[in-house]
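Colleague: These are the residues of each chain, in order.
Protein chains: 2
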Amino acid sequence: MLEPRYLTGKKAEIDQFIDQFDTFLFDCDGVLWSGDHLFPGTAEVLDKLRSQGKRLVFVTNNSTKSRADYKKKFDKLGIPCKEEEVFGSSYSAAIYISRILRLAPPKNKVFVLGESGIEHELASEGVPFVGGTSPSLRRDIEPEDFGSIADGSALDPDVGAVLLGLDFHVNYLKLSHAFAYLQRGARFLATNVDSTLPAAHSLFPGAGSVGAPVVKAYGAEPVAFGKPSQAMMDAIEGKFQLDRKRTCMVGDRLNTDIQFGIEGGLGGTLMVLTGVSKKDEFLSEGSPVVPSAWVDKLGDLLG
Amino acid sequence: MLEPRYLTGKKAEIDQFIDQFDTFLFDCDGVLWSGDHLFPGTAEVLDKLRSQGKRLVFVTNNSTKSRADYKKKFDKLGIPCKEEEVFGSSYSAAIYISRILRLAPPKNKVFVLGESGIEHELASEGVPFVGGTSPSLRRDIEPEDFGSIADGSALDPDVGAVLLGLDFHVNYLKLSHAFAYLQRGARFLATNVDSTLPAAHSLFPGAGSVGAPVVKAYGAEPVAFGKPSQAMMDAIEGKFQLDRKRTCMVGDRLNTDIQFGIEGGLGGTLMVLTGVSKKDEFLSEGSPVVPSAWVDKLGDLLG
Chain A
68 MLEPRYLTGK KAEIDQFIDQ FDTFLFDCDG VLWSGDHLFP GTAEVLDKLR
118 SQGKRLVFVT NNSTKSRADY KKKFDKLGIP CKEEEVFGSS YSAAIYISRI
168 LRLAPPKNKV FVLGESGIEH ELASEGVPFV GGTSPSLRRD IEPEDFGSIA
218 DGSALDPDVG AVLLGLDFHV NYLKLSHAFA YLQRGARFLA TNVDSTLPAA
268 HSLFPGAGSV GAPVVKAYGA EPVAFGKPSQ AMMDAIEGKF QLDRKRTCMV
318 GDRLNTDIQF GIEGGLGGTL MVLTGVSKKD EFLSEGSPVV PSAWVDKLGD
368 LLG
Chain B
68 MLEPRYLTGK KAEIDQFIDQ FDTFLFDCDG VLWSGDHLFP GTAEVLDKLR
118 SQGKRLVFVT NNSTKSRADY KKKFDKLGIP CKEEEVFGSS YSAAIYISRI
168 LRLAPPKNKV FVLGESGIEH ELASEGVPFV GGTSPSLRRD IEPEDFGSIA
218 DGSALDPDVG AVLLGLDFHV NYLKLSHAFA YLQRGARFLA TNVDSTLPAA
268 HSLFPGAGSV GAPVVKAYGA EPVAFGKPSQ AMMDAIEGKF QLDRKRTCMV
318 GDRLNTDIQF GIEGGLGGTL MVLTGVSKKD EFLSEGSPVV PSAWVDKLGD
368 LLG
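Which chain is which? The protein sequence lines are A and B, in order.
Each residue of the first sequence is one higher than the one before, counting from 68 in my numbering.
Each residue of the second sequence is one higher than the one before, counting from 68 in my numbering.
Accuracy of the hints is not assured; some may be wrong.
In this list, chains with the same sequence are indistinguishable; a pair is considered to hold if it fits within one copy or across any two.
Stated by the list, open to error - Lysine to aspartate or glutamate pairs mimicking EDC-like chemistry, simulated, CA-CA at most 20 Å apart:
hint: 1; residue 1: Lys-306; residue 2: Glu-352
hint: 2; residue 1: Lys-143; residue 2: Glu-211
hint: 3; residue 1: Lys-364; residue 2: Asp-301
hint: 4; residue 1: Lys-140; residue 2: Glu-209
hint: 5; residue 1: Lys-121; residue 2: Glu-209
No wet-lab data here; the hints were simulated from the structure.
Please build the complete structure, drawing on both the sequences and the hints.
Modeller: Structure (structure tokens):
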């Protein structure tokens with residue numbers, strides 16, 4: 068296996084690395100920022116790449132935000148960004164449901180476990196949905212709910228799919244609804260299956276963990292759209308008409324970002340150490356996923 | 068593999084089967100009742116066995132109820148039962164923590180994901196705990212919680228173990244606390260890992276599903292006490308001084324109840340079809356878990 072190149076502090080090697088690519092796919096959390104903390108040098112690195120004519124795509128597994136929400140986050144942090152440059156797992160799921168799955172009406176509603184970002188992206192593709200942020204499900208389960216879920220009277224007969232995403236308002240009532248729809252034959256989808264969510268310089272339960280009760284109860288895995296799923300790479304390629312060999316994926320997670328780039332046959336992958344994975348994980352003998360290059364932090368690309 | 072004996076409608080075979088045993092371990096939900104619905108014949112069968120001098124033990128993975136709660140459930144349904152005859156996964160976990168794990172003070176508190184049943188059993192063994200039904204954690208996570216969980220200021224420094232059980236009030240805040248304690252080195256325990264909970268003639272997410280987010284985020288399995296864990300069989304044997312060869316496990320789930328009895332080396336296992344598992348599962352060629360006998364419903368033991 069090729070040793071990854073360490074670029075921090077090596078200006079000539081950095082320039083040579085960047086010259087290989089026309090497009091950079093960026094993971095966001097753990098790469099550009101952590102939670103609400105913008106890493107030093109992020110804006111300058113993006114400026115440098117744009118000034119060299121590089122195309123930037125911000126690829127995120129965060130399902131709680133729509134592309135419009137994500138653009139707002141960039142604005143707030145003072146980083147220039149266009150909504151079209153954002154590609155999220157919710158958008159990827161919405162495209163799949165509307166253009167590939169094409170559920171036949173009337174049984175074409177999607178039960179959502181997640182926040183408003185998923186709802187906005189489904190709406191943008193004209194996909195009807197229930198659940199999600201509906202206040203009717205933001206409550207404790209009551210004894211009578213067991214009966215009405217079991218006999219279906221509490222359920223929407225037009226639900227044909229369950230879509231799991233990160234839901235900060237997850238509760239037993241929503242989990243029971245999702246499980247009941249699956250037992251009645253609904254298709255099983257997830258925006259992404261990230262086990263953890265980086266925040267406040269620590270780790271919290273990610274979308275894959277929040278939805279794990281439904282997976283465990285039902286006993287089958289959902290079709291997932293976030294990195295490293297190649298369904299997402301195909302959708303990105305289709306939308307941006309990119310040359311994979313002239314594209315580089317930049318990320319902080321070996322088993323999502325870097326694996327996503329390698330499996331997608333991209334020309335390169337660049338690892339930063341400001342997020343989840345540690346350098347020992349890819350420098351150690353026999354590591355299953357190894358980036359083509361790495362820097363301590365994104366700002367090091369300024370040289 | 069031995070074909071299981073079908074006893075329904077065969078009075079002589081039933082009597083012969085019962086004669087083999089001094090003690091019957093009963094699973095409850097799906098065997099004696101389903102939710103709040105008592106199966107016909109349950110009280111009569113228990114009476115018949117008691118009148119023949121059999122010892123009865125009610126072994127339940129339901130972690131939401133203490134032994135005292137369970138006794139109340141028997142009372143309400145009109146079935147005679149003594150608190151000492153009940154053996155639950157919460158009690159089993161409490162015994163393990165207090166008598167085997169023996170966490171050294173002051174770091175001997177247990178963070179509970181679960182209902183009051185777990186709290187009562189921990190209290191009965193003198194184990195200090197936090198979390199559980201505390202109103203302070205029955206709320207949505209707020210942006211500032213991420214920081215205070217990450218820096219530990221929201222956490223109790225004396226927590227040395229996390230105990231997962233069935234929590235009908237699970238939320239992201241509790242899951243984040245449990246995950247944070249584990250990242251800080253807490254021991255990882257679960258009352259049981261049942262994927263589903265039978266209720267209202269249907270299936271709902273069980274303790275193993277409700278706790279799955281913590282397992283997935285942390286990336287390791289807890290030590291579990293419910294059936295089929297033999298930690299529970301050892302505890303039952305210790306308490307009741309039973310002769311395993313003269314003991315029969317009665318249950319509705321192959322992969323918990325029946326496996327529990329087989330792995331425990333009991334003299335027999337009896338399957339009923341009023342719960343989770345279907346007869347096709349153990350009658351089909353190559354089934355990994357096969358009971359020694361089966362009836363359609365417990366009441367069939369009346370002959």
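Colleague: So, for every hint listed, does it hold in this structure?
Modeller: Now for the hints, and whether the structure bears them out:
| no. | hint | in the structure |
| --- | --- | --- |
| 1 | Lys-306 with Glu-352 | neither (37 Å within a copy, 50 Å between copies) |
| 2 | Lys-143 with Glu-211 | between (45 Å within a copy, 18 Å between copies) |
| 3 | Lys-364 with Asp-301 | neither (28 Å within a copy, 53 Å between copies) |
| 4 | Lys-140 with Glu-209 | between (38 Å within a copy, 18 Å between copies) |
| 5 | Lys-121 with Glu-209 | neither (55 Å within a copy, 38 Å between copies) |
In this structure, the earlier hints numbered 1, 3, 5 are contradicted, and the remaining ones agree with it.
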